[in-house]
Amino acid sequence: LIICKVWKREVPFFLPLAHLRLCNMKLQYEEEPSQPVAQSQYPQPKLLEQKPTELLTLTPWLAPIVSEGTFNAELLHHIYQPLNLTVGLTAFAAGKYTRFVQHFLESAERFFMRGYRVRYYIFTDDPQAIPRVPLGPGRHLSIIPVPGPSQWEEASMRRMEVISMHITERAHREVDYLFCLNVDTAFRNPWGPETLGDLVAAIHPGYFTAPRHQFPYERRPISTAFVADGEGDFYYGGAVFGGRVARVYEFTRGCHMGILADKANGIMAAWQEESHLNRRFLSHKPSKVLSPEYLWDDRQPQPPSLKLIRFSTLNKDTAWLQS
Amino acid sequence: CHILPRPPKGPRSLVPGKGRAVPETKCLLFLLHRQAGSLPLLLDPAPVLPFPSPLSPLEARLIDWFDLLARLGFDPWIEKIPWKRKWQPTPVFSPGKFHGQRSLVGYSPWGRKEYVVFLRLFLETAEQYFMAGHKVTYYVFTDRPADVPRVALQAGRRLVVLHVGSHRRWQDVSMHRMEMISNFSRQRFLREVDYLVCLDVDMKFSDHVGVEILAPLFGTLHPGFYAADRQSFTYERRPLSRAYIPRDEGDFYYAGGFFGGSVPEVYRLTTACHQAMTADRARGIEAVWQDESHLNRYLLSHKPSKVLSPEYLWDERMLRRPPLLRRLRYVAVPKNHAEIRNR
Chain H
185 LIICKVWKRE
195 VPFFLPLAHL
205 RLCNMKLQYE
215 EEPSQPVAQS
225 QYPQPKLLEQ
235 KPTELLTLTP
245 WLAPIVSEGT
255 FNAELLHHIY
265 QPLNLTVGLT
275 AFAAGKYTRF
285 VQHFLESAER
295 FFMRGYRVRY
305 YIFTDDPQAI
315 PRVPLGPGRH
325 LSIIPVPGPS
335 QWEEASMRRM
345 EVISMHITER
355 AHREVDYLFC
365 LNVDTAFRNP
375 WGPETLGDLV
385 AAIHPGYFTA
395 PRHQFPYERR
405 PISTAFVADG
415 EGDFYYGGAV
425 FGGRVARVYE
435 FTRGCHMGIL
445 ADKANGIMAA
455 WQEESHLNRR
465 FLSHKPSKVL
475 SPEYLWDDRQ
485 PQPPSLKLIR
495 FSTLNKDTAW
505 LQS
Chain V
1208 CHILPRPPKG
1218 PRSLVPGKGR
1228 AVPETKCLLF
1238 LLHRQAGSLP
1248 LLLDPAPVLP
1258 FPSPLSPLEA
1268 RLIDWFDLLA
1278 RLGFDPWIEK
1288 IPWKRKWQPT
1298 PVFSPGKFHG
1308 QRSLVGYSPW
1318 GRKEYVVFLR
1328 LFLETAEQYF
1338 MAGHKVTYYV
1348 FTDRPADVPR
1358 VALQAGRRLV
1368 VLHVGSHRRW
1378 QDVSMHRMEM
1388 ISNFSRQRFL
1398 REVDYLVCLD
1408 VDMKFSDHVG
1418 VEILAPLFGT
1428 LHPGFYAADR
1438 QSFTYERRPL
1448 SRAYIPRDEG
1458 DFYYAGGFFG
1468 GSVPEVYRLT
1478 TACHQAMTAD
1488 RARGIEAVWQ
1498 DESHLNRYLL
1508 SHKPSKVLSP
1518 EYLWDERMLR
1528 RPPLLRRLRY
1538 VAVPKNHAEI
1548 RNR
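Protein chains in written order, with the numbering used here: chain H, 185 to 507; chain V, 1208 to 1550.
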């Protein structure tokens, strides 16, 4: 599969305009518009200041770890707004999960990438069950039919395949960035351009204080998702990942290949897709990591180190859902 | 898809597929209608195309046309023959996070007149500490190519001497750096290297400087101002200058002696600075710290994707080393300023 023209604009930036202007004897700089980006007033960043957050702010491979206090939202908005980006959001709502879509979309309309162009892609086996939620300007909803899942695990294993196919068929033309989220969740606070990056992962809320040997990695060497003891950076949550469309394609395709290989060997990873996602993020490190503010579990009490929960999974009866 | 197509050598038609020569004036007119465009830079990392993006046939021909002009003598920056040592390509460790791109780094140490004397120490320490294990091309701009020292280079590294004109004032030397890097980025760096690191030559390396610095666009914190308030940064404060920054603006004071990024980004930066300096000259003004002032103006509006701490540019004689700097990697070499600058 080949992706052509993934980036929406191609600008020839090495045209020698400067050379030409020198050749022109009359310098006409008076009429030129002066400076590019409009300046917003914001406090000076200080190298020696006290740490803005208790959390680690940079991974050992120099990827930022995003949490409240590490960025200035208004400044980022000034930088990203003029770029006219389109951000995609995928969610799978098959079987009984269709009942989460309403709340998911309504909360996304309130908090997800306000002020940017957004495309929601809802994958479902029952398009009629998807409610029509009113959307703001520049925001569109696409409902994509997929075959119904026979089993709950089966559904979660096919996501990677479906997302990678969808990117090649559609998303690469329509969006610049793509986030893949679980649908049984809701946004609680602003989720903005601080999350945009080449390849973005989110730290799982249940394991961010745990040592690596307690991470629920797949521990059977026969699986392609196997992670040995003594390895591991963070335990990332399968409910949130994203990045540039091309990178998400490579990522989901890689995970899908691993899942297929395991299937051929008759093994299913301990946490299905999430195990494969973690294996992949270990070898292909994310360029940006989101703190558990961006993937929280409502059943857990909020610790003081997390200042602002922006996205969380809903309390629900999982037994009923999986039946 | 990461390899740029080399434009074919030799005289041929400038219009693709037509087989007839297009007069140069037509090309000039066409260029006037195109906008070079200065897309703002994102923080992680730029969505503006990462370095290798295939040249369209027209772009390849335009670059070749300017090469032709240079060969005909229109361009004063005539390149000398490459240094005699033969460059042997060797397998190179490419860290995973750069996704298999060639990590070939070009440098432009600034060697003019008496500065050539610093070049040996610079190159010897660079061989020890700079990008060890990676493919490196040193581009040395100098008005005295014969004085460039012969330093033993490791495998996969080569030195290219670029002969440029002299200037009487050191300020002019500093100012023309932007113009030359811009010209050479277009003419050759784009095709030869992935990242460009622009360094002062009156310095030496004293500790590891590696791929951790590479980014689409990076600047280095000036060692004299990393703890200072923005009001006391030595930005250009006269509104008449294109490098003007008001007192209540500014993130950091970046040093003019260590900046870089991908070749397209460095080209954009140096072109913008050069245009701004030319505009200032037309108005009869010279920014207080010449190209450093313009660099700071540019990096305020086009924020770098990475910033290097003062470990990466330090002066031990002028500044007491604070405990927070655990390693000093690139430090000034003592010299007699007055003696060297305006002899």
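Bear in mind the hints are in silico, worked out from the structure with no lab data behind them. Beta carbons are placed, not taken as given, at the ideal position from N, Cα and C, and that holds for glycine. Careful: at least some of the hints might be erroneous.
Beyond 10 Å from chain H on every Cβ pair, some chain V residues (computed) [to be verified]:
1. Leu-1328
2. Lys-1513
3. Ser-1516
4. Asp-1522
In silico EDC-like links for lysine to aspartate or glutamate, alpha-carbon gap of 16 Å or less [stated by the list, open to error]:
5. V/Lys-1510 x H/Glu-258
6. H/Lys-469 x H/Asp-417
7. V/Lys-1411 x V/Glu-1493
8. H/Lys-230 x V/Asp-1522
9. H/Lys-469 x V/Glu-1456
10. H/Lys-235 x H/Asp-417
11. H/Lys-280 x H/Glu-258
12. H/Lys-230 x V/Glu-1419
13. H/Lys-491 x H/Asp-310
14. V/Lys-1510 x V/Glu-1456
15. H/Lys-230 x V/Glu-1331
16. H/Lys-469 x V/Asp-1455
17. H/Lys-447 x H/Asp-310
18. V/Lys-1411 x V/Glu-1331
19. H/Lys-469 x H/Glu-415
20. V/Lys-1513 x V/Glu-1456
21. H/Lys-491 x H/Glu-434
How the hints compare with the structure:
At the 10 Å boundary, the C-beta of V/Leu-1328 stays outside the reach of chain H, the nearest C-beta of that chain being 29 Å off. Here V/Lys-1513 does not stay apart from chain H, with its beta-carbon only about 8 Å from theirs, under the 10 Å limit. Residue-level check failed: V/Ser-1516 sits 7 Å from the nearest beta carbon of chain H, not beyond 10 Å. Under the 10 Å C-beta cut-off, the non-interface status given to V/Asp-1522 relative to chain H holds; the minimum distance is some 17 Å.
Restraint check for V/Lys-1510 and H/Glu-258: the C-alpha separation of about 15 Å stays at or below 16 Å, so the hint holds. At roughly 9 Å between alpha-carbon atoms, H/Lys-469 and H/Asp-417 fall within 16 Å of each other, so this suggested pair holds. Distance check on the hinted pair: V/Lys-1411 and V/Glu-1493 sit about 29 Å apart at the alpha-carbon level, beyond 16 Å; violated. The hinted pair formed by H/Lys-230 and V/Asp-1522 fails the criterion: a straight-line CA distance of about 21 Å is larger than 16 Å.
A distance of roughly 35 Å separates the Cα atoms of H/Lys-469 and V/Glu-1456; the hinted pair therefore is violated under the 16 Å criterion. With a C-alpha separation of about 22 Å, the suggested pair H/Lys-235 and H/Asp-417 falls outside the 16 Å cut-off, and the hint is violated. Note on H/Lys-280 and H/Glu-258: the hinted pairing is violated, with a Cα-Cα distance of about 39 Å set against a maximum of 16 Å. For the hint linking H/Lys-230 to V/Glu-1419, the alpha-carbon distance of about 21 Å lies beyond 16 Å, and the restraint is violated.
For the suggested pair H/Lys-491 and H/Asp-310, the alpha carbons sit about 38 Å apart, so the restraint of at most 16 Å is broken. A distance of roughly 13 Å separates the Cα atoms of V/Lys-1510 and V/Glu-1456; the hinted pair therefore holds under the 16 Å criterion. Only pairs whose Cα atoms come within 16 Å are accepted, and H/Lys-230 paired with V/Glu-1331 is rejected, the gap being roughly 35 Å. This hinted pair does not check out: H/Lys-469 and V/Asp-1455 have alpha carbons roughly 38 Å apart, beyond 16 Å.
Between the alpha carbons of H/Lys-447 and H/Asp-310 the distance comes to roughly 27 Å, so the proposed pair goes past 16 Å and is violated. Distance check on the hinted pair: V/Lys-1411 and V/Glu-1331 sit about 9 Å apart at the alpha-carbon level, within 16 Å; holds. Distance check on the hinted pair: H/Lys-469 and H/Glu-415 sit about 13 Å apart at the alpha-carbon level, within 16 Å; holds. For the proposed pair V/Lys-1513 and V/Glu-1456, the alpha carbon gap of about 19 Å is over 16 Å, so the pair is violated.
Between H/Lys-491 and H/Glu-434 the CA atoms are separated by roughly 33 Å; this puts the pair beyond 16 Å, and the hint is violated.
Of the numbered hints given earlier, the model fails hints 2, 3, 7, 8, 9, 10, 11, 12, 13, 15, 16, 17, 20 and 21; all others are met.
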